[in-house]
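Line order of the protein sequences matches chains A and B.
Using the working numbering, read the first sequence as starting at 157 and increasing by one per residue.
Using the working numbering, read the second sequence as starting at 3 and increasing by one per residue.
In short, the hints are calculated from the structure, not lab data.
Hints may contain errors.
Okay, the calculated bits of chain A under chain B, using three or more residues with CB under 8 Å as the criterion [said to hold, decoys possible]:
1) 242-250
2) 332-345
Cβ-to-Cβ under 8 Å is the rule here; a few derived chain A residues that face chain B [unchecked claim]:
3) D192
4) S196
5) E200
6) N210
7) K213
8) H239
9) A304
10) R380
11) M407
12) I418
13) S422
Glycine is no exception: its CB is placed at the ideal position from the N, C-alpha and C atoms.
Chain by chain, the residues:
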Amino acid sequence: MLSLVLKRIVWAIPVLFIVATISFGLMRIVPGGPFDEEKSLPPEIVANIKAKYNLDKPIPEQYFLYMSRLVKGDLGVSYKYVHRTVNDILADAFPVSLQLGILGLVLAIGIGVPLGTIAAVNRGRKLDFLAMLVATVGISVPGFVTGALLIFVFGLWLKLAPVALWESFRHMILPAFTLSLSPAAYLARLTRASVLEVMEKDYVRTARSKGLSSAKTIIKHVLRNALVPVLTVLGPLTAIIITGSFVVEYMYAIPGMGRFFITAVSNRDYDLIMATTLVFAVLLVIANTIVDVLYTVLDPRIQVKN
Amino acid sequence: MKFLLPIFAVLLVLVLVGAGWSPKSISPEAGCLRINLGTEPPSLDWTVTVDNYSFDVIANLMVGLTQYRNNLTCKPSVASSWDVLDGGKRYVFHLRKDVVWSDGKPVTAHDFVYAWRRMLTPATAAQNAFLFYDVINAYEFNIGKIKDFQQVGVKAKDNYTLEVNLRRPVAYFINITALSPAFPLRQDVVERYGDSWCEPEHIVTNGPFLLTKWQHEYKIELTANPRFFEGQPKLKKVKYFMVPEPSTALALYENGELDFIDNRSFPTPDVERYRKSPEYHNYPLLRNNYVGFNVTKKPFDNKLVRQAFSAAIDREVFPKILRRKEFPSSCWIPPSLMGYDKNSGPAFSPERARQLLAQAGFPNGKGLPPITFLYPQREDVRLVVEAMQDQFKRNLNVNVDLINQEWKVFLATCRNDAPQMYRSSWGADYPDPETFMSNFTSRNGNNHTRWKNKAYDDLVERAGGEPDQKKRADLYQQADTLLCKDESPLICTYLASQNILVRPWVKGLEFNAMDLQFFKTAYIETKGY
Chain A
157 MLSLVLKRIV
167 WAIPVLFIVA
177 TISFGLMRIV
187 PGGPFDEEKS
197 LPPEIVANIK
207 AKYNLDKPIP
217 EQYFLYMSRL
227 VKGDLGVSYK
237 YVHRTVNDIL
247 ADAFPVSLQL
257 GILGLVLAIG
267 IGVPLGTIAA
277 VNRGRKLDFL
287 AMLVATVGIS
297 VPGFVTGALL
307 IFVFGLWLKL
317 APVALWESFR
327 HMILPAFTLS
337 LSPAAYLARL
347 TRASVLEVME
357 KDYVRTARSK
367 GLSSAKTIIK
377 HVLRNALVPV
387 LTVLGPLTAI
397 IITGSFVVEY
407 MYAIPGMGRF
417 FITAVSNRDY
427 DLIMATTLVF
437 AVLLVIANTI
447 VDVLYTVLDP
457 RIQVKN
Chain B
3 MKFLLPIFAV
13 LLVLVLVGAG
23 WSPKSISPEA
33 GCLRINLGTE
43 PPSLDWTVTV
53 DNYSFDVIAN
63 LMVGLTQYRN
73 NLTCKPSVAS
83 SWDVLDGGKR
93 YVFHLRKDVV
103 WSDGKPVTAH
113 DFVYAWRRML
123 TPATAAQNAF
133 LFYDVINAYE
143 FNIGKIKDFQ
153 QVGVKAKDNY
163 TLEVNLRRPV
173 AYFINITALS
183 PAFPLRQDVV
193 ERYGDSWCEP
203 EHIVTNGPFL
213 LTKWQHEYKI
223 ELTANPRFFE
233 GQPKLKKVKY
243 FMVPEPSTAL
253 ALYENGELDF
263 IDNRSFPTPD
273 VERYRKSPEY
283 HNYPLLRNNY
293 VGFNVTKKPF
303 DNKLVRQAFS
313 AAIDREVFPK
323 ILRRKEFPSS
333 CWIPPSLMGY
343 DKNSGPAFSP
353 ERARQLLAQA
363 GFPNGKGLPP
373 ITFLYPQRED
383 VRLVVEAMQD
393 QFKRNLNVNV
403 DLINQEWKVF
413 LATCRNDAPQ
423 MYRSSWGADY
433 PDPETFMSNF
443 TSRNGNNHTR
453 WKNKAYDDLV
463 ERAGGEPDQK
473 KRADLYQQAD
483 TLLCKDESPL
493 ICTYLASQNI
503 LVRPWVKGLE
513 FNAMDLQFFK
523 TAYIETKGY
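Just need the whole structure built from these sequences, with the hints factored in.
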């Protein structure tokens, strides 16, 4: 298992290098620069700005400078937020997204897996129909609609939860719920399909014929195997959910990292774009590695090679 | 479907409970003004910042030599008076001796000299440095041509006397001294703390409030400055939240968690809803909107075509579709500034527009090449350009193709090679016609129309240096007529307005067309709420 983790770390280095290189190239191709604003600046001022941020140097030199800083852990400076380094920005924003993301993930798993299991066990019955109806709605309705609805019902109307902001645990409830709905719905559908498949297996029939209760059969024999495909999607899902959601953070005024995936691009804040991309890539690698390790725990027959 | 009945029942119970739920009372937070800034200010370093979000905060943290009154004239602030000498080329500012920084040290002329030196130093890369290029050798220092700041025309004659020498008389120079790049700065603080000098734990300021908390991307808190030379403000605290989504900000306002919201937080459909509310206020802004023609491209190389297009637009339609009490205008100088004359721009006349087009050789629009109209992706802009497209078709029988681009791509396109028509706007840097009129001089980087006119350049140049205000106004009015009516490299459309909601317990707020929000006179009336 240790060698698996080590191999993944070694493999991550060229992956991150390629991600960084492609992102760097794409940013420079897109028209418009970080200092293009409605009010055009005199060329003398533009020259000073470019010199300050090394944007007056040839692209290959800029790339070399960036990469040499990156290997030292320096993610650069923000062109938009003067005097702030990208490291500072992420240090402020990532913990917020992580906090919200973990809560959202727990909710997504806590809602999705039981919902899918209930649907599968009650296949073709009303509960199955109801669970899948909820799941379909969860997948189909965009986050900004769900968020607006929750704000209106629970914030403005019933006044059970704060409308927005990031002050206390109470302020996390609505955004975490909004964040979790779509992944929960996806997990529910996946779990249902997987549980149904496993329930057809001989060993499940054997367990039942030996007199094991339905609940015990499901929990002990079905779920353990049915969760393997669910686990597969949990890797990327975790990376997506803990790096924040633009919609949820924007809507609930949460100072997380999700909004930078969009605003950094629209501001052409080059170093911040690179950093958000790289952080996402790193988290994806970590999450997938953990999932691979968990495979072997859930099903000892699975051996991950290379 | 029987199983759905319990769900409906639960929902019904929720509705009933909701209806009977006693709402949290909406009341003020004593001594505290809670407002929405909308987004993170890019910087509170007043020397380098150029955006409105930052300046909204800085305007309550700092004061400079002068300050704008709400009628947009300049009044003394740190400078108690000033002398204008040598025909307008030399300004001597006499500083008050009772103005202190938040750590108790006096504000001196040397703090201004340091601030201006830092702003003009090439490595600082201050975007607004060009506003000071009329100061002797400021330009040369800023481009690195001279290294010795002693040669630049700003000097501290003593602790409380600041002298500024200009290379030419600049009639609007006093307006520049009220801008944030001209504010004083503490050299010891900047040098000690480097890039983090404007964080709450390090910053020193001289204005009505102190920066006490800055949670990036979330909230800024200011507290009253007991050392402020005009006296401690009545408000104990100002909280700026950074709620980017307007409907959320409005929900917070309606829930009693914000006391004040403006255009940034006020969705258009809700402006209608609040129109008759006593909490609703509206005032015009110094922001003019226009459509530019690239005069190097056919058919707009012909001024008759440009005039025809301009006369074909009924500007009264814009407030009807945008619904924020916009002010229709066909001229470039806004009404609150000198030189404004509503007759400087063309009147709406479809008949005359058709005549002009025929005169240009395109009767009923026949023979015109395909016309492209570029605009940035934004809902309100889309409504405007679609309304104009419709009017060109109805009034001139001309089809115009609309193309939209993402904001930065749009800017790059306009800068490199603007299409035949493009939509843009301009907000005043300072309350003087110069900030508008200089945009269309031949060498200005904002002039994407590529229109060059020596007579216009001369008028604007002369007006900029003319000390007699009446003569200045006449010169600007002539230039505005030349620009909007005679040559028409642009179609002026409307002036933007500010729409705000203020809770009744907020008193003493003052508004102005520059949209500067000064809170030193504001207070919260808790009695009765």
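Each hint, compared with the structure:
no.: 1; hint: 242-250; result: holds (count 3)
no.: 2; hint: 332-345; result: violated (count 0)
no.: 3; hint: D192; result: holds, 4 Å
no.: 4; hint: S196; result: holds, 4 Å
no.: 5; hint: E200; result: holds, 5 Å
no.: 6; hint: N210; result: violated, 12 Å
no.: 7; hint: K213; result: violated, 15 Å
no.: 8; hint: H239; result: holds, 4 Å
no.: 9; hint: A304; result: holds, 7 Å
no.: 10; hint: R380; result: violated, 30 Å
no.: 11; hint: M407; result: holds, 5 Å
no.: 12; hint: I418; result: violated, 11 Å
no.: 13; hint: S422; result: holds, 7 Å
The structure does not agree with the numbered hints 2, 6, 7, 10 and 12 stated previously, though it agrees with the rest.
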